[in-house]
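Participant: For the sequence shown, our numbering gives the first residue as 9, with consecutive numbering after it.
Read the hints as simulated data drawn from the structure, not as lab findings.
The structure presented is a predicted model; accordingly, all values stated were derived computationally and were not measured.
Per label pair, the in silico range of CB-to-CB distance:
#1 201 <-> 164: 32 to 38 Å
#2 168 <-> 58: 53 to 59 Å
#3 169 <-> 22: 53 to 59 Å
#4 92 <-> 196: 27 to 33 Å
#5 200 <-> 24: 44 to 50 Å
#6 41 <-> 70: 17 to 23 Å
#7 179 <-> 142: 27 to 33 Å
#8 25 <-> 105: 47 to 53 Å
With a straight-line cut-off of 16 Å between C-alpha atoms, the simulated EDC-like cross-links for lysine to aspartate or glutamate are:
#9 71 <-> 127
#10 164 <-> 176
#11 71 <-> 52
#12 99 <-> 168
#13 71 <-> 47
#14 164 <-> 94
#15 71 <-> 34
#16 164 <-> 105
The C-beta atom is built at its ideal place from N, Cα and C for all residues, glycine as well.
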Amino acid sequence: MAEKAVNKPGGLRAQAKADVTRRIREAAETLFMTRDFGDVTTREIAQQAGIGEATLFRYVASKDELLTMIYGDQMQTLVDRLEAADDALAKLPLTVDRVLQRIYAFYEGRSEFFLLHPDNAARYLRQSYDLSSSGRERAMALGDRVVTRVTTILEKGQREGLVSDVVEASLVALNCHGAFLHEVNRTRTRGFEPETIWERVLVRLDAQLLPLMRSEEAGER
Numbered sequence: 009m010a011e012k013a014v015n016k017p018g019g020l021r022a023q024a025k026a027d028v029t030r031r032i033r034e035a036a037e038t039l040f041m042t043r044d045f046g047d048v049t050t051r052e053i054a055q056q057a058g059i060g061e062a063t064l065f066r067y068v069a070s071k072d073e074l075l076t077m078i079y080g081d082q083m084q085t086l087v088d089r090l091e092a093a094d095d096a097l098a099k100l101p102l103t104v105d106r107v108l109q110r111i112y113a114f115y116e117g118r119s120e121f122f123l124l125h126p127d128n129a130a131r132y133l134r135q136s137y138d139l140s141s142s143g144r145e146r147a148m149a150l151g152d153r154v155v156t157r158v159t160t161i162l163e164k165g166q167r168e169g170l171v172s173d174v175v176e177a178s179l180v181a182l183n184c185h186g187a188f189l190h191e192v193n194r195t196r197t198r199g200f201e202p203e204t205i206w207e208r209v210l211v212r213l214d215a216q217l218l219p220l221m222r223s224e225e226a227g228e229r
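Kindly produce the complete structure, drawing on both the sequences and the hints.
Facilitator: Listed below in structure tokens is the structure:
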């Protein structure tokens with residue numbers, strides 16, 4: 009006869025802790041997706057989660073850590089999706105247009121991520137340069153995945169004679185990535201409309217990529 013399942017105290021505590029963690033994350037996401045980081049307080053997050061502020065700090069060290077978790081999860085989902093879409097394109101014959109299409113897709117996707125909430129997204133994206141940030145390593149790793157994929161696309165283009173090999177592919181990929189992050193940072197400091205982010209990034213990508221394309225197709229989109 010099968011033994012009846014028994015809820016052990018440790019299991020109940022773990023379940024309760026997981027429930028509080030979930031409510032904290034959901035509360036933080038709701039607030040960070042609608043308001044600037046500086047306008048959201050830990051007290052509000054705690055209230056939204058249905059807990060006390062002291063309890064909140066038993067689960068997270070700071071408001072920055074919450075932003076890191078929320079936006080880090082969203083960025084990971086985005087990079088996973090972009091890589092999956094690129095895997096499908098990689099099965100098709102490579103052309104100059106397809107080299108460009110595949111690279112543009114990564115930065116158009118990241119531009120759309122930025123537009124979900126420009127100030128908070130910019131704060132998250134800058135974490136890869138902040139030695140004190142708890143999210144630095146994860147943010148760097150996600151950025152490195154994009155740089156690695158763009159490098160791979162360019163190297164294949166070079167092997168097939170579609171892309172000039174006068175410049176190392178990894179350096180071009182790093183420059184593309186740097187251009188995107190620079191435009192993110194320039195949005196507020198230069199007073200640009202956030203909605204122009206992809207337009208500005210595309211101009212910078214074209215400056216990096218089009219001179220390396222070995223076909224008249226490079227001017228077509």
